[in-house]
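Let's have the full structure, built from the sequences with the hints guiding it.
Chains as they are written, first to last, in my numbering: chain A, 1 to 331; chain F, 1 to 234; chain X, 1 to 312.
Worth flagging that the hints you see were computed from the coordinates, not collected in a lab. Keep in mind the model is a prediction, meaning the values are calculated, not measured. Check before you lean on any hint, since a few could be wrong.
As the list claims (entries may be wrong) - Cross-link-like lysine to any residue pairs, in silico, SDA-like; alpha carbons within 20 Å at most: (1) 199/A <-> 294/A; (2) 127/F <-> 197/A; (3) 149/A <-> 267/X; (4) 199/A <-> 73/F; (5) 127/F <-> 294/A; (6) 127/F <-> 138/F; (7) 318/A <-> 108/X; (8) 149/A <-> 108/X; (9) 318/A <-> 196/X; (10) 129/X <-> 295/A; (11) 199/A <-> 90/F; (12) 129/X <-> 294/A; (13) 199/A <-> 62/F; (14) 127/F <-> 137/F; (15) 132/X <-> 301/A; (16) 129/X <-> 299/A; (17) 318/A <-> 23/A; (18) 199/A <-> 166/F; (19) 177/F <-> 217/F.
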Amino acid sequence: MAELARRLPIPERLLPARPVLLVLVAACIFLTVGSSISTLFAQLTVAGVASGVVFGSLGLALVLIYRATEVINFAQGEMAMACVYFAYQLMLWGLSYWAAFFSTLAIAFVFGVVIQQVVIRPVQHRSVIAVVIVTVGLFILIDGLVEWKWGANQRFMPAPFGNQVYRLGGVPVARQQIGTIVIVLVCVLALWAFFRFTKVGLGMRAGALRPEAARLVGVRTNALLAVGWGLAAVLGAVAGLMTEPSQYVLSPTLMQPVLLYAFAAAVLGGLESPGGALVGGIALGVFLNLIGQYWTFVGSVLQLPVAFAALLLVLLVKPTGLFGHRSVRKV
Amino acid sequence: MTALLELNEVHARYGPVKALHGISLSVGEGEIAAVLGANGAGKTTTLRAISNTVEREGEVLLAGNALRGGPESVARLGVAHVPEGRGTFAELTVWENLRLGAYTRSGSLRDDFTRIGTYFPWLQERKHQQAGTLSGGEQQMLALARAFMQRPRLLLLDEPSLGLAPLLVTEVFRIIKELNESEGVTVLVVEQNAHIALQLAQAVYVLEVGRVALSGPSAELREHESIRRSYLGY
Amino acid sequence: MKRGLAGYVAVAACAVFFALLPFTLSDYHRGIAAQVALYLIAILGLNVLVGYTGQISIGHSAFMAIGGYTTALMSHYHHTNLVATLPLAFAITFVCGVLLGLPALRLSGVYLALATFALAVSVPQLPLKFSKFTGGSAGISANRIVGNTWLYEVAWSAAAVAFVFTWLLLRGRIGRAFRAVRDSEVAATSSGVTLAIYKTLAFGVSAALAGVAGSLFVLATNGFAQPNEFSVTLSLKILIGAAVAGLGSLWGVVIGAAFIALLPTISASAPLIGSTHGQDVVFGAFVILVMLLLPNGVAGLLLRLSRLRARA
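What follows is the structure, encoded as structure tokens:
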């Protein structure tokens with residue numbers, strides 16, 4: 001493992017423990033073999049990956065905020081949903097899909113920064129539970145505001161990728177699935193590069209690790225927390241915009257199930273690890289798709305409980321998630 | 001010699017507990033000053049009062065201007081504070097730690113990095129090592145190197161000898177001296193190890209329960225009876 | 001000692017107030033007042049867990065569902081006396097709470113939050129799967145409808161019993177052990193508190209109270225137990241109530257319960273926004289405002305006031 005870490009440009013701490021890595025490799029082999037045997041299996045796997053990267057991207061947003069403040073932002077999904085409505089409104093005003101897409105990302109950033117500054121910052125120093133409650137309040141508030149402005153009925157949005165279906169090695173794959181996977185991965189890569197190569201990104205990492213020490217070298221941790229919320233909102237917006245086409249319609253409850261799975265993905269990945277959230281999301285997406293199809297007792301009704309039961313099982317074996325490392329906390 | 005740093009009647013508290021009861025001291029431009037004292041005398045708090053990481057009252061002046069704002073603003077005014085426990089980021093690489101040192105300024109870091117190499121030759125080849133895997137002495141050196149990357153006017157060092165083997169202590173202090181002489185950095189160092197601090201510093205302040213009990217040029221204090229008895233043990 | 005006396009007086013005054021209150025209320029308002037009582041019980045339960053042992057739970061809607069279904073099913077199939085189903089719900093959810101508390105021993109913080117979240121999401125799915133027995137998404141009826149006056153009396157009596165029960169529980173040795181667990185697990189273990197027992201006990205008691213609240217919840221909705229009534233939102237509502245009341249203290253629970261039971265009703269008639277979205281907007285905004293203005297909830301405010309008075 002140490003040797004692998006030296007050869008790759010990844011610090012060792014970002015790689016999961018050896019047994020976890022083995023399980024992941026085994027899962028990959030299982031999926032590849034299954035896909036080569038059955039076209040349906042392959043189709044389900046690709047669809048699972050496509051929904052999984054969306055869970056992962058919203059999960060990544062949760063991880064970003066969790067790393068900086070040890071708080072789960074319950075409003076993350078609703079913020080994303082509101083952003084999709086912003087995009088919808090921009091398109092109503094005549095913008096093309098992609099113009100609206102990128103404007104929405106900019107709006108999302110500002111949205112996140114404003115929320116952090118106005119309602120999160122004042123309670124930040126009190127307790128984790130206070131911040132959590134505020135995010136729950138935000139959840140309800142945003143929900144209400146969106147319903148007030150746009151109504152609870154379903155809306156229709158132009159589709160970004162069309163309905164084309166490609167055949168890859170005999171397996172039909174929707175263009176929309178490929179588009180979703182590519183867009184999310186590009187965003188995640190951009191984010192990774194931001195954290196690794198830019199000064200602000202480095203400052204944010206330092207601030208998340210040791211706020212006091214970071215301030216001593218001149219990092220404006222408070223301002224960077226707001227930037228973190230902005231980036232999380234952008235990731236959420238991407239997740240939201242990529243969820244919408246797979247649901248075909250837009251409604252205020254768009255992101256509620258996604259938030260659930262994103263939360264699960266983030267925890268599965270270990271909460272501290274951005275890569276873990278993505279892997280966790282993909283694993284969850286594929287698992288849900290396969291189990292819904294092949295285990296008829298579960299069907300669609302028990303999909304959720306079974307997914308969570310599996311997650312709990314993972315947590316009981318490895319209480320800090322797949323990629324998590326048990327950290328020694330100060331007493 | 002003009003004073004770069006001046007503290008006038010500085011009080012500090014941690015919540016209800018008062019830690020400093022009116023400290024006054026001044027450090028001249030280009031000077032090395034040392035703060036000595038027993039555990040709990042307020043040495044660390046004095047440094048924290050300067051970088052404003054503790055509730056404080058009183059006047060803290062850098063080159064005649066009051067130091068205001070949080071620690072991040074103080075850092076931007078050219079004060080590098082290496083806190084107790086070194087303040088290096090164990091999870092980041094050596095190079096990332098150095099980049100953080102230069103956080104407050106723009107421009108290329110290559111020149112500074114080469115210059116650092118003359119003081120810490122081993123840093124070059126271990127650029128991509130995780131800082132947490134360095135030895136204690138190496139981490140202390142990294143902390144110094146990081147502070148140097150900041151190109152500070154004033155360097156605040158909190159117990160650089162803590163937890164180091166005697167040979168390494170000498171090495172660390174040699175480098176501090178060198179940084180002071182060839183780079184013109186003013187240094188305020190807090191130390192338990194009075195012996196080495198008295199050799200290094202030009203001016204010395206001795207604290208006792210949050211007050212300056214004694215101060216003067218180190219040559220003078222080396223001769224001082226009570227200092228010798230309480231701190232040097234001979 | 002003086003503070004203890006003030007406490008007794010306050011409790012007695014509350015008891016008299018709530019005993020006399022129904023005579024001044026309309027039937028409709030008696031129903032709403034009964035809701036305050038059932039939320040009070042749920043908040044008490046959550047407070048035992050979050051406020052006293054520092055373990056978070058977003059799964060209390062699941063325990064309420066279990067309690068609620070206990071009442072509905074027992075009444076539906078066995079015509080059990082409705083009041084008798086309350087202690088039954090207490091016992092069953094206590095066991096469920098202990099069972100969840102055992103795996104929860106291995107989890108902490110956010111991981112525990114997720115585990116309980118999972119429970120909250122999963123439990124309402126179960127009636128859908130076993131719909132022959134439980135009525136599926138349409139729900140199941142207790143086959144008896146209770147009047148608002150009856151409901152008021154039963155709910156507030158249960159609330160009084162629950163309050164005294166938790167108060168007695170928390171003021172003694174067990175309460176001290178709970179707080180020790182919250183403040184420092186390491187210190188608690190080294191001073192001889194058996195972590196595992198107290199943590200699971202807290203889970204059990206907390207769940208049991210939620211179960212009773214769930215029974216009353218079903219009775220308050222015309223005796224109908226429906227899966228979608230027990231969604232995660234209900235858990236979040238109770239969490240909000242507990243935070244408004246103030247965690248780690250029992251004195252704010254009435255206000256916390258009133259907050260979540262009454263605010264939606266009051267704000268439904270809010271000017272400008274009106275309608276159902278208005279409820280959400282007002283509720284959400286109030287939650288945020290309360291957290292910004294009252295960091296320790298109503299209990300913290302009461303404490304501050306009593307300190308001010310003591311100084312004057």
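Ascending list of hint numbers which this structure does not respect: When the structure is compared with the hints, numbers 1, 5, 8, 13 and 18 turn out to be violated.
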